[in-house]
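Work out the full structure, taking the sequences as your base and the hints as a guide.
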Amino acid sequence: AAGADSEQEPVRFTTTPSLAIPKALSRVENLGFELGVSKVGDFVDYVELNEAFSVVGVVNTNLLELDPSKVNVHGGAVALGHPLGCSGVRIIVSLCNTLQLNQATLGAVGICNGGGGASAAVIERISL
Numbered sequence: 434a435a436g437a438d439s440e441q442e443p444v445r446f447t448t449t450p451s452l453a454i455p456k457a458l459s460r461v462e463n464l465g466f467e468l469g470v471s472k473v474g475d476f477v478d479y480v481e482l483n484e485a486f487s488v489v490g491v492v493n494t495n496l497l498e499l500d501p502s503k504v505n506v507h508g509g510a511v512a513l514g515h516p517l518g519c520s521g522v523r524i525i526v527s528l529c530n531t532l533q534l535n536q537a538t539l540g541a542v543g544i545c546n547g548g549g550g551a552s553a554a555v556i557e558r559i560s561l
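Numbering (my numbering), first residue to last: 434 to 561.
Bear in mind the hints are in silico, worked out from the structure with no lab data behind them.
Be aware that one or more of the hints could be misleading.
Calculated pairs, BS3-like style, for lysine-lysine (alpha carbon to alpha carbon, straight line, at most 27 Å) [what the hints assert, rightly or not]:
hint: 1; residue 1: Lys503; residue 2: Lys456
hint: 2; residue 1: Lys472; residue 2: Lys456
hint: 3; residue 1: Lys472; residue 2: Lys503
Set out below in structure tokens:
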């Protein structure tokens, strides 16, 4: 449905997904998400956060005020692996499977990089 990138000083790279995910949600047409006003958890059913380090999942769940039971529900990169070069694909596929298994509609993924940036995407499951 939408995507976004965010950046901040490199030393804070582990928290940058908390900036990118709301930015991506604000780009979804007709959703009504407002940056700085809306809460991510009120708009998405599930979130996948790439855990290059375990703190990434914990800190971004807290910063975004997410229900931990809706984040990395089948395990994150610490449990499933951190496949270099395809971590982004892994979290997207995990989110798509979670949305399908739970008949949920909207989810978001977030992944940080070592340079202070992060990328996020919002995925919508379409029922056929």
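Hints, one by one, checked against the model:
Proposed proximity of lysine 503 and lysine 456 is supported: the alpha carbons are some 19 Å apart, at most 27 Å. A distance of roughly 12 Å separates the Cα atoms of lysine 472 and lysine 456; the hinted pair therefore holds under the 27 Å criterion. A hinted pair counts as satisfied when its Cα atoms are at most 27 Å apart, and lysine 472 with lysine 503 qualifies at roughly 14 Å.
In this structure, none of the earlier numbered hints is contradicted; all agree with it.
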